Amino acid sequence: MHFSLTNEMMREIIMDHYTNPRNRKETDNPAYQTVFMDSTSCIDKIYIQALIENDVLVDVIWHGVGCAISTASTSIMSELLKGKTVKEANYILQEYLKMIHEESYDADVLDEAVVFMNTSRQPARIKCATIGWNGMEEILKGDKKHG
Amino acid sequence: MDIDKIREDFPMLRGLKMQGKPLIYFDNAATSLKPKKVLDAIYDYYASYCANSHRGDYDIAHRVDVEFEETRKVVANFINAKSENEIVFTSNTSMGLNMIAYGLMKELHEGDEILLSEAEHASNVLPWFHVAQEKNVSIKYIPLDSKGRLTLANLKKSLNEHTKIVALAHVSNVLGYILDASSFAKEIHKYGAYFVLDGAQSVPHMKVDVKEIDCDFLCFSGHKMLAPTGIGVLYGKYELLEKMDPLLSGGGMNTRFDMCGNVSLQVPPLKFEAGTPNIEGVIGLKAAIEYLNEIGMENIDKRERELKKYAIEGLKKLDNVILYNEDSESGIITFNIKDVFSQDAGSYFNAKGICVRTGLHCAKILTDFLNTDGTVRASLAFYNTKEEIDTFIETCRNGGNFLDAFFADE
Numbered sequence: 000m001h002f003s004l005t006n007e008m009m010r011e012i013i014m015d016h017y018t019n020p021r022n023r024k025e026t027d028n029p030a031y032q033t034v035f036m037d038s039t040s041c042i043d044k045i046y047i048q049a050l051i052e053n054d055v056l057v058d059v060i061w062h063g064v065g066c067a068i069s070t071a072s073t074s075i076m077s078e079l080l081k082g083k084t085v086k087e088a089n090y091i092l093q094e095y096l097k098m099i100h101e102e103s104y105d106a107d108v109l110d111e112a113v114v115f116m117n118t119s120r121q122p123a124r125i126k127c128a129t130i131g132w133n134g135m136e137e138i139l140k141g142d143k144k145h146g
Numbered sequence: 000m001d002i003d004k005i006r007e008d009f010p011m012l013r014g015l016k017m018q019g020k021p022l023i024y025f026d027n028a029a030t031s032l033k034p035k036k037v038l039d040a041i042y043d044y045y046a047s048y049c050a051n052s053h054r055g056d057y058d059i060a061h062r063v064d065v066e067f068e069e070t071r072k073v074v075a076n077f078i079n080a081k082s083e084n085e086i087v088f089t090s091n092t093s094m095g096l097n098m099i100a101y102g103l104m105k106e107l108h109e110g111d112e113i114l115l116s117e118a119e120h121a122s123n124v125l126p127w128f129h130v131a132q133e134k135n136v137s138i139k140y141i142p143l144d145s146k147g148r149l150t151l152a153n154l155k156k157s158l159n160e161h162t163k164i165v166a167l168a169h170v171s172n173v174l175g176y177i178l179d180a181s182s183f184a185k186e187i188h189k190y191g192a193y194f195v196l197d198g199a200q201s202v203p204h205m206k207v208d209v210k211e212i213d214c215d216f217l218c219f220s221g222h223k224m225l226a227p228t229g230i231g232v233l234y235g236k237y238e239l240l241e242k243m244d245p246l247l248s249g250g251g252m253n254t255r256f257d258m259c260g261n262v263s264l265q266v267p268p269l270k271f272e273a274g275t276p277n278i279e280g281v282i283g284l285k286a287a288i289e290y291l292n293e294i295g296m297e298n299i300d301k302r303e304r305e306l307k308k309y310a311i312e313g314l315k316k317l318d319n320v321i322l323y324n325e326d327s328e329s330g331i332i333t334f335n336i337k338d339v340f341s342q343d344a345g346s347y348f349n350a351k352g353i354c355v356r357t358g359l360h361c362a363k364i365l366t367d368f369l370n371t372d373g374t375v376r377a378s379l380a381f382y383n384t385k386e387e388i389d390t391f392i393e394t395c396r397n398g399g400n401f402l403d404a405f406f407a408d409e
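Chains as they are written, first to last, in numbering that gives the first Met the number 0: chain A, 0 to 146; chain B, 0 to 409.
The following block holds chain A by itself, in its conformation from the complex (with noise of 0.2 Å):
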């Protein structure tokens, strides 16, 4: 449903949500599953929280510091997943990385995620694009450190 957007429609989604970054904000309720995502090879430090009820992700937010690539990765996701089953999280989550790794994946599913569909002609980049896609996947699987 996508493959109309233009590459310059794509770049203005990437701004768009790196100057004006969806559900940033923290919170210590501890109902919330955190992760904290660093990295030894980058300087992107983001924190994912996440609340879940009755397997539904209610609440989606991150705070933290990072590049136009995973400031608005991480946006993108926060609004894409908020209000999805987990199981539901889980499929976008896979075909977003698949996308990433340039295998063949269900964009329509994945929303405005599909602007970092090009990450691969970085390939240095790939670990911004999925920062805060790891994290999520790690409180997914339960396999969360608390930050």
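No wet-lab data here; the hints were simulated from the structure. Note that the structure is predicted; figures quoted are calculated from it, not measured. It cannot be assumed that every hint is accurate.
[Stated by the list, open to error] Straight-line C-alpha distance at most 27 Å; calculated DSS-like pairs for lysine-lysine:
#1 Lys-363/B - Lys-126/A
#2 Lys-35/B - Lys-20/B
#3 Lys-337/B - Lys-24/A
Given chain A's structure and the hints, the job is docking chain B onto it.
Quick look at chain B alone, frame taken from chain A:
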């Protein structure tokens, strides 16, 4: 200096492309490119006299020993050490600094102080943290001036009778200022403290004379000065090397040992070189120093200062570039494109075929001083050209379009 001829010597500079663009290598502070002379020397070792060093009874093993020990002399001459016995081969600067920190540990006592600066690379901070914790001594930092430089006045304020070790970068890997090392040594020695100099960013780019500076130790890496990775040098005044404990134990560093645990150690430098050394690295280092000597370190220094000046003049004309070290002398340019996160800029440069480094450059304390989450660092070497700098400046000018890296139609 015939730049065209020099560039011919470097296989990486013979028309290589990255992202479809001619490669512009501006990450020389991370590692340098290698001339064919160095690659040939390594190949020649493996192809014509591959044997282990020390104690071989046959001709090709003897040749390895000759090359190995000759390299020690070449290094000693290069930094003007008193003797080749003051030259210890290590794997890199980090290893040298760790060896000194460990080796001097027994001389430290509670209440002593180790003096560093806020601009140090992790490799000249973390070994000292380790020692400080083990021996319950404290770490102090010489404050930087408003431009990020280390001044003699601030050194004098920081030294006291508790100071036992002062460990500083000769050239900062982020800001590129050159330390007035000989004046520092005089002050430090008034307190009887040891002066450890991290030469990772100085030795490859300027004449460094350990006698003139009178530092007690100097560490540097081969790979930043045209040699392969995995070879480095620890210089120490001989009487200090004699006092120091070796970090590594094993073959080649002892003269005899028995079942009761009695060990007699070799004298320096062999005391510090346990195990089969990096022979190809040593041989490559010799070829690298010979290559640098052919051009002349003074010429290299002059050329790199010229290139830096040219780049700064161009960058200053742009209103979208924030420069952090425009008046530092070395070929390191630390900057940001306004409103562009350093790593986004890094990808944009990549898309234009330009290699630069982004982030904190392992000097994580300095980030607070610069008040930024990260910077872009372009670092020049003598084989770079003004034409490359022109392309770099044009790329900076258009840096606001950093998403071109992902979306521009090629």
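Honestly, which of those hints from before does the structure not fit?
-> Those not satisfied: there are none.
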